[in-house]
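Student: As a plain string of letters, each chain reads:
Number of protein chains: 4
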Amino acid sequence: MRFFSDNAASVHPRLLEALVEANVQDTAYDGDGLTARLNGAFSDLFETEVEALWVATGTAANSLALAAMCQPHQGVICHKEAHIEQDEAGAPGFFTGGAKLMLLDGPGAKLSPETVEAHCAAIRDDVHQVQPAVVSITNASEYGMVYRPDEVAELSAVCKARGLGLHMDGARFANAVGTLGCAPADLTWKAGVDALSFGFVKNGGMSAEALIFFDRELAADTHYRRKRAGHLQSKGRYLAAQILAMLDHDLWLDNARAANAGAQIIANAARDRLLYPVEANEVFIKLSADEAAKLRGLGFDFYDWGEGQARLVTSWNQSADDIRPLADAINAL
Amino acid sequence: MRFFSDNAASVHPRLLEALVEANVQDTAYDGDGLTARLNGAFSDLFETEVEALWVATGTAANSLALAAMCQPHQGVICHKEAHIEQDEAGAPGFFTGGAKLMLLDGPGAKLSPETVEAHCAAIRDDVHQVQPAVVSITNASEYGMVYRPDEVAELSAVCKARGLGLHMDGARFANAVGTLGCAPADLTWKAGVDALSFGFVKNGGMSAEALIFFDRELAADTHYRRKRAGHLQSKGRYLAAQILAMLDHDLWLDNARAANAGAQIIANAARDRLLYPVEANEVFIKLSADEAAKLRGLGFDFYDWGEGQARLVTSWNQSADDIRPLADAINAL
Amino acid sequence: MRFFSDNAASVHPRLLEALVEANVQDTAYDGDGLTARLNGAFSDLFETEVEALWVATGTAANSLALAAMCQPHQGVICHKEAHIEQDEAGAPGFFTGGAKLMLLDGPGAKLSPETVEAHCAAIRDDVHQVQPAVVSITNASEYGMVYRPDEVAELSAVCKARGLGLHMDGARFANAVGTLGCAPADLTWKAGVDALSFGFVKNGGMSAEALIFFDRELAADTHYRRKRAGHLQSKGRYLAAQILAMLDHDLWLDNARAANAGAQIIANAARDRLLYPVEANEVFIKLSADEAAKLRGLGFDFYDWGEGQARLVTSWNQSADDIRPLADAINAL
Amino acid sequence: MRFFSDNAASVHPRLLEALVEANVQDTAYDGDGLTARLNGAFSDLFETEVEALWVATGTAANSLALAAMCQPHQGVICHKEAHIEQDEAGAPGFFTGGAKLMLLDGPGAKLSPETVEAHCAAIRDDVHQVQPAVVSITNASEYGMVYRPDEVAELSAVCKARGLGLHMDGARFANAVGTLGCAPADLTWKAGVDALSFGFVKNGGMSAEALIFFDRELAADTHYRRKRAGHLQSKGRYLAAQILAMLDHDLWLDNARAANAGAQIIANAARDRLLYPVEANEVFIKLSADEAAKLRGLGFDFYDWGEGQARLVTSWNQSADDIRPLADAINAL
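Chains A, B, C and D are the protein sequences, given in the same order.
Going by this note's numbering, the residue at position 111 of the first sequence is 111; the numbering climbs one at a time, nothing skipped.
Going by this note's numbering, the residue at position 292 of the second sequence is 292; the numbering climbs one at a time, nothing skipped.
Going by this note's numbering, the residue at position 245 of the third sequence is 245; the numbering climbs one at a time, nothing skipped.
Going by this note's numbering, the residue at position 306 of the fourth sequence is 306; the numbering climbs one at a time, nothing skipped.
Bound-form chain A, shown alone (with noise of 0.2 Å):
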């Protein structure tokens, strides 16, 4: 049994069923029919009038965000523990035409308001020094820790008052949700979050992803930047199709809650191993070389995370019957 990411298991039926059946003639790029349902789907979804537009990957979604925000001589702060840091290939850096990142400190790869406000006043109001535009938050997070709404609302203060854009990263945000409790829209436009990237990919899904615009005036030049892109699919309905199902009775929280109670499984046998808290799919643990290597004996794969640390991601399609073994052979330790 496989714990590596969850990038590496299966698509959930449903979507393959919804590629079937959406297997018919029909306009070309984003003209078809089953696009044309997204800003509804998503508006309803977050109970305000949204933009969405659908794009194959995370790092396409953030990039874009960004892009919409920051100009080229601008930054983006972010946690030097950031996705758009550490595991994007500099795709931030190409998509903004340069802009740079500002890398913040925090427990669990979390930013605080007061990190924030620090930095942006230590830089010089000259034209030396690059600007931040705006701010970039990863909920759950990479170390799978969620803001709460109140926590991303004492952000979003933080910006207004500097006058920043607030992205969101959810490349697990259905996980944070679905440990929260909230209605999206706590989490988000009522929390002062400008753009979302909504990932799907990593929670059953294919190959698509929403890029969600609370302020919709960001969408308009973003229609142009995902063709300029190469992102512009010209049969985009199979990722619309992809998504509708997702959003269709909310097939996208049964998946992360069903992911998340796997988490909890083994955080629970884990419970003096943890690092951070475990608030969504990822378990953080110390393990020692040779347990690493006892439980890789079982069969159990995952990320060693720097010196005696381990990663453990759970998926969707994995059951609590699926995730005991795990859980057991760590108790055994």
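Read the hints as simulated data drawn from the structure, not as lab findings.
Fair warning: there could be bad hints in the mix.
All copies of an identical chain are treated as equivalent in the list; a pair is satisfied when it fits inside any one copy or across any two copies.
Taking lysine to any residue and the SDA-like style, the derived pairs with C-alpha atoms no more than 20 Å apart in a straight line are [as the list claims (entries may be wrong)]:
1) Lys294 x Ala161
2) Lys80 x Asp126
3) Lys80 x Asp125
4) Lys80 x Arg296
5) Lys80 x Asp105
6) Lys190 x Thr27
Position chains B, C and D relative to chain A; hints supplied.
Tutor: Using the frame of chain A, we list chains B, C and D on its own:
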């Protein structure tokens, strides 16, 4: 019956079956077993060692190829009607960091060795003028004409003499091969092509194209650029699955031949109206506004192509019986 | 006597004197007392509030202006013989982040309202095609012809109707004003120009041009872009000193008129050979290879300008006596 | 007396004289006789064949050097207090097409071989992470400390083992050489430096810096990039004249030694307050707000450098008599 675009056609069922078969856990990004088979499959097809990368769109394939062959301060020679100039929203400028497209003329959207040579000769060899680094041709061309292997080789000779790379936009490469009946090798590396955007989406595919490097040194940095452009999908195996299904038993060629055959039916009916020889799956004809209205009244859809002209595109899934009514209607005008 | 280029001429002594006068300690970058006087000096000259930035080259001035008016995914309409297309090594693509130059034709390197309107009308309003954002004209043009205020206003009317900005490359703006005898205001903001690259270097300057924003909102980000492009000189006061010396007692206009007068002497001698009306300090003439050799044998240098043509440029420091021998030699051919 | 910045100082009179001498007609851009002498002059100075390009600013020199050594998808390792990170408005990101600056720590704004090696070792060798391509060090550093030849060589050894280029920002290279008393060759190419931004403006220059390529292959494309960035001045001979005047009879070294000597006078007076060893022309001292106010009350200007700290910079034209009053005032605090 719609003759708007081969992008509007449905996906071949075998690709959907391949997605279902691929729907098991595997390594993320391009570390999976299906992706691992691509280089071999294309090397077999092209009878030489190639490196192949999946991407979601032809625009991405073209732009990544050009970025591998052209520095930001250099230029790309192409036809003024080339897709990269007309329909990609400036993507080549984005991926290359601002390289200039140098636009040449020529019948049927085809370049000739003479115009390329003349263009190069007119550029002063100094730092004030952008120097070309690559020639990009489209085969089949934007007007449905093909370059034969000897034509490609003649262009390549000019390129080699000038130190330029040669890229082929093969959004309809399958249609060209189907018409020419040549080996894919003859039309590409044996004729001097360094990189090929091998299109599948217009030919019954869903969301996967292949970027083929005959000059494999060009591929190394492209892996980074693909990721940086947000085009390294985390479940890339579903793209590989589509492509492998296309290559299996030459489905790509069957599909293209079917579409080409449909175009010939129309061409025969419209012999006196043809604006260009019909050598792929596109038919450009003279058609008055009245005639166009008449055809539309009968349920046929297509693009107006400037004053008194129309573009009709056939697809892999249109049978002779599907197309005959259009041919008859044109005959009856 | 060299008629190659006004760039080859020496610097007016008053500018060197101004450098000596400026040679005291002052605040670095653009915080000095001389730079502080620029906005006022140009506002006086143009009879409206403008914002003025010094830069070292016309290429930088043009590109910074275009970057202020054009997003990376948009386009700049210009003449196919425009300096920004022909002689700036792709600088507009660099500064704008990859925007496309859209090349129009027209006699004397001048754009007409009709060609601009026709070009815009032919662009589909969809994301596949690059949309224009700005028109750039050169006054005096690359062939030494001027736009009159009413011509600029007619172009501006097209721009305004289409939502496009209007930039004027004024590398030889002084020569145009000298010829037209109009107020600088009439040729610029009163005729709808948003930004002007006001050239001094070809006109007796050394290393300082001015970028003038009539639409002052465009200036704000330009301060950042200038620094980011390495064009904010730390001893900027020596650039400001040059420009102020140029504006003092209309030295810029005297210099331009001197150069223009020289061109008229040649034009009179070469009346039957003229390729374009001589409206600035450039004379383009028919000249056979034999004739060119003959002139060169007499010590006159100039550019061949394609087959059987030559370009002769006069400078601020060439007197009638300096030029008469060339005129006589042409007469004697 | 101002101790704000060496950028605020005046220009050495010999440079102004050189401008006057250069004030004759010559070929435009970099085709003139003075520019033609630069490669030879610097090759003599560095005792090896180098290629030298003038540019107007250190920011341009640094960024052009980095662009020659780093692809857009790669990274530049530098100190977190490096000028390229702190004071160039994101210029490296602009010139490189979005490359990432990778920020390391270390006393006195100096990098150590250990931190560079550790940083490189921590980067996964996969496409998700930006790979470094070049290390940039500043000598003398932003805190007025020097790298000795052996320190540079040790850094270079790490670079070579990792396949990284080595760039030296020498805005105060003259001050470093002045302090070390070594040959320029020892501090640069003999210690493994590939490219040097050789600063003159802070050292009595006006508007000309030199970019020196020891690896001359890096220079070829840089000629295009310089033009494309608007940094190829049409009257470049006036920049070459400044630089040649600086090299003549080692004026650059005399100026630097004068400034360094001034800094030592202050350092001696402020021995108990020094934050860093004084090895160039910058003195960083502990200074309370009250003490700062007292010094300012006496007519001395300088930068506050964070809480309770100050930066004092001496210039080429400040004699011991000029500086003594400040030293005395500090002593008297």
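Student: If a hint holds in the structure, say so; if it doesn't, say that too.
Tutor: To see whether the hints hold, each was checked on the structure:
In this assembly of identical chains, the alpha carbons of lysine 294 and alanine 161 never lie at most 20 Å apart, being 52 Å within a copy and 36 Å across copies at closest. Within a single copy, lysine 80 and aspartate 126 get their C-alpha atoms only as close as 24 Å, which misses the 20 Å cut-off; across copies the closest is 19 Å, which meets it. For a Cα distance limit of 20 Å, the shortest separation of lysine 80 from aspartate 125 across copies, 19 Å, qualifies, whereas the shortest one inside one copy, 23 Å, does not. Taking the shortest Cα distances, lysine 80 and arginine 296 never come within 20 Å of each other, neither inside one copy (30 Å) nor across copies (40 Å).
For the identical chains of this complex, lysine 80 and aspartate 105 are neighbours both inside a copy (6 Å) and across copies (15 Å), given an alpha-carbon limit of 20 Å. For a Cα distance limit of 20 Å, the shortest separation of lysine 190 from threonine 27 qualifies neither inside one copy, at 35 Å, nor across copies, at 37 Å.
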